[in-house]
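Novice: Below are the chains, spelled out letter by letter.
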Amino acid sequence: MSKGEKCSCGDDEKGLLERLEEIIVSFKNKPGALIPVLQATQSLFGYVPQEAILKISEMLNEPLHKVHGVITFYSFFSLKPRGKYLIRVCLGTACYVQGANEILTALKQQLSIEIGETTTDKLFTLDVGRCFGACGLAPIIMVNDDVHQFVKPSGVKKILGAYKKHKAVNQEEET
Amino acid sequence: MMDINKHMHFVKNSAELDALRNALLKSKEYNSEKVFVCAGGGCIASGSMKVKDAFISQLATNGLGEKLSVMETGCLGPCAVGPIVVIGKDDTFYQKVRVQDVKDIVEKHLMGGKVVENLLHPVEEIKVSKKSELPFFKNQDKQVLRNCGKIDPTKIADYIAVGGYQALSKVLSTMTGEQVVQEVSISGLRGRGGAGFPTGTKWGFARKSQDETKYILCNADEGDPGAFMDRSILEGDPHSIIEGMIIGAFAIGSSQGYVYVRAEYPLAVERLQIAIDQARTFGLIGPNILGTGFNFDLEIRKGSGAFVCGEETALITSIEGNRGEPRPRPPFPAVKGLWNKPTVLNNVETFSNIPLLINEGGAQYAEKGTEKSKGTKIFALAGTVKISGLVEVAVGTPLRKLVYDIGGGISSGKKYKAAQIGGPSGGCIPAEHLDVPLDYEALNKLGAIMGSGGLIVMDESSCMVDVARFFLEFVQDESCGKCVPCREGIVRMKQIVDRICDGKGEMKDLDELEALAKTVTHASLCGLGQTAPNPVLSTLRHFREEYIEHISDKKCRTAVCKELIVFKILDVCNGCQACKKVCPVHAIHGEKKLHHTIDEAECIRCGLCLSTCKFDAIVKY
Numbered sequence: 001m002s003k004g005e006k007c008s009c010g011d012d013e014k015g016l017l018e019r020l021e022e023i024i025v026s027f028k029n030k031p032g033a034l035i036p037v038l039q040a041t042q043s044l045f046g047y048v049p050q051e052a053i054l055k056i057s058e059m060l061n062e063p064l065h066k067v068h069g070v071i072t073f074y075s076f077f078s079l080k081p082r083g084k085y086l087i088r089v090c091l092g093t094a095c096y097v098q099g100a101n102e103i104l105t106a107l108k109q110q111l112s113i114e115i116g117e118t119t120t121d122k123l124f125t126l127d128v129g130r131c132f133g134a135c136g137l138a139p140i141i142m143v144n145d146d147v148h149q150f151v152k153p154s155g156v157k158k159i160l161g162a163y164k165k166h167k168a169v170n171q172e173e174e175t
Numbered sequence: 001m002m003d004i005n006k007h008m009h010f011v012k013n014s015a016e017l018d019a020l021r022n023a024l025l026k027s028k029e030y031n032s033e034k035v036f037v038c039a040g041g042g043c044i045a046s047g048s049m050k051v052k053d054a055f056i057s058q059l060a061t062n063g064l065g066e067k068l069s070v071m072e073t074g075c076l077g078p079c080a081v082g083p084i085v086v087i088g089k090d091d092t093f094y095q096k097v098r099v100q101d102v103k104d105i106v107e108k109h110l111m112g113g114k115v116v117e118n119l120l121h122p123v124e125e126i127k128v129s130k131k132s133e134l135p136f137f138k139n140q141d142k143q144v145l146r147n148c149g150k151i152d153p154t155k156i157a158d159y160i161a162v163g164g165y166q167a168l169s170k171v172l173s174t175m176t177g178e179q180v181v182q183e184v185s186i187s188g189l190r191g192r193g194g195a196g197f198p199t200g201t202k203w204g205f206a207r208k209s210q211d212e213t214k215y216i217l218c219n220a221d222e223g224d225p226g227a228f229m230d231r232s233i234l235e236g237d238p239h240s241i242i243e244g245m246i247i248g249a250f251a252i253g254s255s256q257g258y259v260y261v262r263a264e265y266p267l268a269v270e271r272l273q274i275a276i277d278q279a280r281t282f283g284l285i286g287p288n289i290l291g292t293g294f295n296f297d298l299e300i301r302k303g304s305g306a307f308v309c310g311e312e313t314a315l316i317t318s319i320e321g322n323r324g325e326p327r328p329r330p331p332f333p334a335v336k337g338l339w340n341k342p343t344v345l346n347n348v349e350t351f352s353n354i355p356l357l358i359n360e361g362g363a364q365y366a367e368k369g370t371e372k373s374k375g376t377k378i379f380a381l382a383g384t385v386k387i388s389g390l391v392e393v394a395v396g397t398p399l400r401k402l403v404y405d406i407g408g409g410i411s412s413g414k415k416y417k418a419a420q421i422g423g424p425s426g427g428c429i430p431a432e433h434l435d436v437p438l439d440y441e442a443l444n445k446l447g448a449i450m451g452s453g454g455l456i457v458m459d460e461s462s463c464m465v466d467v468a469r470f471f472l473e474f475v476q477d478e479s480c481g482k483c484v485p486c487r488e489g490i491v492r493m494k495q496i497v498d499r500i501c502d503g504k505g506e507m508k509d510l511d512e513l514e515a516l517a518k519t520v521t522h523a524s525l526c527g528l529g530q531t532a533p534n535p536v537l538s539t540l541r542h543f544r545e546e547y548i549e550h551i552s553d554k555k556c557r558t559a560v561c562k563e564l565i566v567f568k569i570l571d572v573c574n575g576c577q578a579c580k581k582v583c584p585v586h587a588i589h590g591e592k593k594l595h596h597t598i599d600e601a602e603c604i605r606c607g608l609c610l611s612t613c614k615f616d617a618i619v620k621y
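Those protein sequences? They're chains A and B, same order as listed. Under my numbering, think of the first position of the first sequence as 1, with each following residue one higher. Under my numbering, think of the first position of the second sequence as 1, with each following residue one higher.
To be clear, the hints were calculated from the coordinates, so they are not data collected in a lab. Please read all numbers here as calculations on a predicted model, not as lab measurements. We put the beta carbon where it would ideally sit given N, CA and C, even for glycine. Among the hints, a few may not be true.
No more than 27 Å apart at the CA atoms, straight line, and that leaves these computed lysine-lysine pairs for BS3-like [as the list claims (entries may be wrong)]:
hint, chain 1, residue 1, chain 2, residue 2
1, A, Lys28, B, Lys620
2, B, Lys562, B, Lys414
3, B, Lys96, A, Lys157
4, B, Lys508, A, Lys152
5, A, Lys66, B, Lys302
6, A, Lys28, B, Lys302
7, A, Lys158, B, Lys581
8, A, Lys152, B, Lys414
9, B, Lys50, A, Lys165
10, B, Lys614, A, Lys152
11, B, Lys96, A, Lys80
12, B, Lys368, B, Lys415
13, A, Lys66, B, Lys336
14, B, Lys415, A, Lys152
15, A, Lys55, B, Lys302
16, B, Lys614, A, Lys108
17, B, Lys341, A, Lys28
18, A, Lys158, B, Lys96
19, B, Lys508, B, Lys518
20, B, Lys620, A, Lys108
21, B, Lys96, A, Lys152
22, B, Lys302, A, Lys152
23, A, Lys157, B, Lys580
24, B, Lys518, A, Lys158
25, B, Lys341, A, Lys30
26, A, Lys108, B, Lys50
27, B, Lys568, B, Lys555
28, B, Lys482, A, Lys66
29, A, Lys84, A, Lys28
Quick look at which bits of chain A chain B covers, simulated, 3 or more residues with Cβ under 8 Å [said to hold, decoys possible]:
hint, segment
30, 35-41
31, 75-85
32, 96-106
33, 114-122
34, 134-146
35, 149-161
Each pair of labels, with its calculated beta carbon distance range [to be verified]:
hint, chain 1, residue 1, chain 2, residue 2, range
36, B, Val585, A, Lys30, 54 to 60 Å
37, B, Glu600, A, Lys122, 37 to 43 Å
38, A, Lys122, B, Ala60, 39 to 45 Å
Same shape as in the complex, but just chain A (with noise of 0.2 Å):
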């Protein structure tokens, strides 16, 4: 966090802090609570910001590089805010071989985004999987929990314009 710069967390995160610590008391006593702690931090803010980490690496009494250490191992967890609808595209055997990798570069030109990062709009992340067990479809995208599957190039605009589309309407009735 640069200086100047208010929280990362906005008021809404305000909430969700008092939120985790619920969450991180109901924990406590439990052997191997790290994990389970962080992936409730995960899908409570849709990342793990700086506020949580500091929270749950006192709650916990677990040193702050072993946290940090921990969210940088695993796939899962991600210091950075993602888009609203996380696209993976499902780089296993099955999917590579029926041509997932067209798939993923057709991606990255309709989103001008690589591998990680996140639309200007906030709309999109782009990421890649290894396998979603859904070989029997292949190729598969998954976004959010959604299942796209005998995905083709050429289909990758139909699939993210239906997103665009339901964001649109949202974004109408909340106004």
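Start from chain A and add chain B according to the hints.
Specialist: The following block gives chain B in isolation, referenced to the frame of chain A:
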């Protein structure tokens, strides 16, 4: 018909369990006609839940809601043709069922008695209606998957009705821990996670330890790309895993277990949690199970996306709340495992075998399979086969039978090239070895491994050098970085293969690859590193000529390796300029309505022109 509700409660002893089973078997729900809708991960992704809802409302509309019930079942197997619906009374198998097809099935078939032909699965142009007569099912031997497709995985009553927890009851009331270990040893069951270590021996080691606290762990961190056997058992028959684990715990003298499930399987976690909660409500997990004084509790621990955690010591380190890095062995987990206590760790499929072998007896179980490998094995058949999905066959079944008789042959119309077995630790089986029996020893001889059961079939359009590169990239990403041979050796190997794929390889690279592979194999700390060179070694052994082509002819015969591809515009080009507009480096030249050309020197081989052209005027070779 009996009222089953008075039996649906905490089960105090074996007699009550038997009474519950008998009541269930006589119940109205169990005996009603059923429509089975596959709720495996694949079919759900294809929309099977909407189909299920459509069936419920359509049956109600037609006044059949009372007579017929709709059951969500675990994975039926042929994921590629989902959503799948099976009509219970006559075993009709419907594929690719959409919501709009439901009305037809209900009115024409269930009411009118006529099979809806356009939803049947065609076998060489002939439509076969019965599931049991389809080659995909007929050629299998479903033992571990016995309940998948027959029961609702979210209902413990369904599992109990088909004989579930009978093995547990038998073990707790009539056997000692020592006898259980013996029975498992007699069965010849070997670990289904890949290494094939005899399960009975492993349990025996842990049983001998005098420590008061011991743990039993289930490895459900199914990370091999192309493998989804464990996922299907977790989602389709979770109680069989729980029952196997309780029996294992009793055998070694443990009272606490953990199931480590990978985070990529949210549905598996959900169904397993439901199953654990139900087992606890029925008193099959918890204190004093079936009144025998045996206590056991079970918890789920979710993975967080690290492939190496499928390695047993890394998995243990991860449950303890650390970075999932492996530890040196010995001490083996059976001596010093989770929190330094004796620990048994088995794979999902291994545990699922336990109730089966206890019920039928170890000797009977050992009737199936080969001399050294007993029982059945589940394979996740995928790639370019006509019907991909989950299949179970006796150990030792020839590969050809899986690819052709069960999988229906190659889907693309091209020739079979290789099957990749065992994921990043395994190898490729070329066409001349299609008749290899699928057992631990025979596959090892060919440089592949049984592995956990991922089996990817590839046709002639796959480049074997690229496949080797794919697996190197995978293990390079997933190496935990703890030991140097794996961390550095794999990177160097990948650099060499990259060079070959880019057309910059030299013949001496092949020797260097083999030398590096040897070092990584012998000097790495854990199984991930020790087996990481296998895909390279196996492709070098069976497809060496392809490596040589890349090096000396600068040619990739499959046009997969980007740097070696040439794009060309054919005479049919009508000069529409679509390709010219999308080319990011302006390498395409030509006037409107005139034939275009690609400047090979400028071309970056992105392939955008090829995917843009609507007239099939662009080819790559």
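Novice: If a hint holds in the structure, say so; if it does not, say that too.
Specialist: Cross-check of the supplied hints:
Restraint check for A/Lys28 and B/Lys620: the C-alpha separation of about 60 Å exceeds 27 Å, so the hint is violated. Taking the CA atoms of B/Lys562 and B/Lys414, the gap is near 22 Å; set against the 27 Å cutoff, the hint holds. For the given pair, B/Lys96 sits about 25 Å from A/Lys157 by alpha-carbon distance, which is consistent with the 27 Å threshold. Under the criterion of a C-alpha separation no larger than 27 Å, the hint pairing B/Lys508 with A/Lys152 is inconsistent with the structure, at around 39 Å.
Between the alpha carbons of A/Lys66 and B/Lys302 the distance comes to roughly 19 Å, so the proposed pair stays at or under 27 Å and holds. Only pairs whose Cα atoms come within 27 Å are accepted, and A/Lys28 paired with B/Lys302 is accepted, the gap being roughly 17 Å. Between the alpha carbons of A/Lys158 and B/Lys581 the distance comes to roughly 21 Å, so the proposed pair stays at or under 27 Å and holds. Between A/Lys152 and B/Lys414, the direct Cα distance comes to roughly 20 Å. Compliance with the 27 Å bound is thereby established for this hinted pair.
Only pairs whose Cα atoms come within 27 Å are accepted, and B/Lys50 paired with A/Lys165 is accepted, the gap being roughly 22 Å. Under the criterion of a C-alpha separation no larger than 27 Å, the hint pairing B/Lys614 with A/Lys152 is consistent with the structure, at around 15 Å. For the given pair, B/Lys96 sits about 40 Å from A/Lys80 by alpha-carbon distance, which is inconsistent with the 27 Å threshold. Between B/Lys368 and B/Lys415 the alpha-carbon distance is near 32 Å, which puts this suggested pair outside the 27 Å criterion.
The suggested pairing of A/Lys66 with B/Lys336 holds, with an alpha-carbon distance near 23 Å, which does not exceed 27 Å. The straight-line distance between the Cα atoms of B/Lys415 and A/Lys152 is roughly 23 Å, inside the 27 Å bound, and the hint therefore holds. The suggested pairing of A/Lys55 with B/Lys302 holds, with an alpha-carbon distance near 22 Å, which does not exceed 27 Å. Annotation: proposed proximity of B/Lys614 to A/Lys108 holds, straight-line Cα distance about 22 Å (limit 27 Å).
Distance check on the hinted pair: B/Lys341 and A/Lys28 sit about 22 Å apart at the alpha-carbon level, within 27 Å; holds. Under the criterion of a C-alpha separation no larger than 27 Å, the hint pairing A/Lys158 with B/Lys96 is consistent with the structure, at around 22 Å. A hinted pair counts as satisfied when its Cα atoms are at most 27 Å apart, and B/Lys508 with B/Lys518 qualifies at roughly 16 Å. In summary, the hint linking B/Lys620 to A/Lys108 is supported, as the alpha carbons are separated by about 22 Å, within the 27 Å threshold.
For the proposed pair B/Lys96 and A/Lys152, the alpha carbon gap of about 19 Å is at most 27 Å, so the pair holds. For the suggested pair B/Lys302 and A/Lys152, the alpha carbons sit about 32 Å apart, so the restraint of at most 27 Å is broken. Between A/Lys157 and B/Lys580, the direct Cα distance comes to roughly 20 Å. Compliance with the 27 Å bound is thereby established for this hinted pair. Straight-line distance between C-alpha atoms of B/Lys518 and A/Lys158 comes to about 47 Å, which puts the hinted pair past the 27 Å bound.
Our distance criterion of 27 Å between C-alpha atoms is met by B/Lys341 and A/Lys30, whose separation comes to about 17 Å. A distance of roughly 32 Å separates the Cα atoms of A/Lys108 and B/Lys50; the hinted pair therefore is violated under the 27 Å criterion. Taken as a hint, the B/Lys568 and B/Lys555 pair is honoured in the structure, with Cα atoms around 16 Å apart against an allowance of 27 Å. Only pairs whose Cα atoms come within 27 Å are accepted, and B/Lys482 paired with A/Lys66 is accepted, the gap being roughly 16 Å.
The hinted pair formed by A/Lys84 and A/Lys28 fails the criterion: a straight-line CA distance of about 31 Å is larger than 27 Å. A stretch counts as covered by a chain when three or more of its residues have a beta carbon under 8 Å from one of that chain; for the segment 35-41 of chain A and chain B the count is 4, and the coverage holds. Check on the segment 75-85 of chain A: 3 of its residues sit with their Cβ under 8 Å from a Cβ of chain B, so the three-residue criterion for coverage holds. Counting residues of the segment 96-106 of chain A whose CB falls under 8 Å from any CB of chain B gives 6; the rule of at least 3 is met.
Figure legend: the segment 114-122 of chain A, annotated as covered by chain B; annotation inconsistent (0 residues with Cβ-Cβ distances under 8 Å, at least 3 required). Only when three residues or more bring their CB closer than 8 Å to a CB of chain B does the claim for the segment 134-146 of chain A stand; here the count is 7, and the claim holds. A stretch counts as covered by a chain when three or more of its residues have a beta carbon under 8 Å from one of that chain; for the segment 149-161 of chain A and chain B the count is 3, and the coverage holds. For the pair B/Val585 and A/Lys30, the beta carbons lie near 57 Å from each other, so the given range of 54 to 60 Å is met.
A hinted range of 37 to 43 Å holds for the C-beta pair B/Glu600 and A/Lys122, which are about 41 Å apart. Take A/Lys122 and B/Ala60: their Cβ atoms lie about 44 Å apart, and the range 39 to 45 Å holds.
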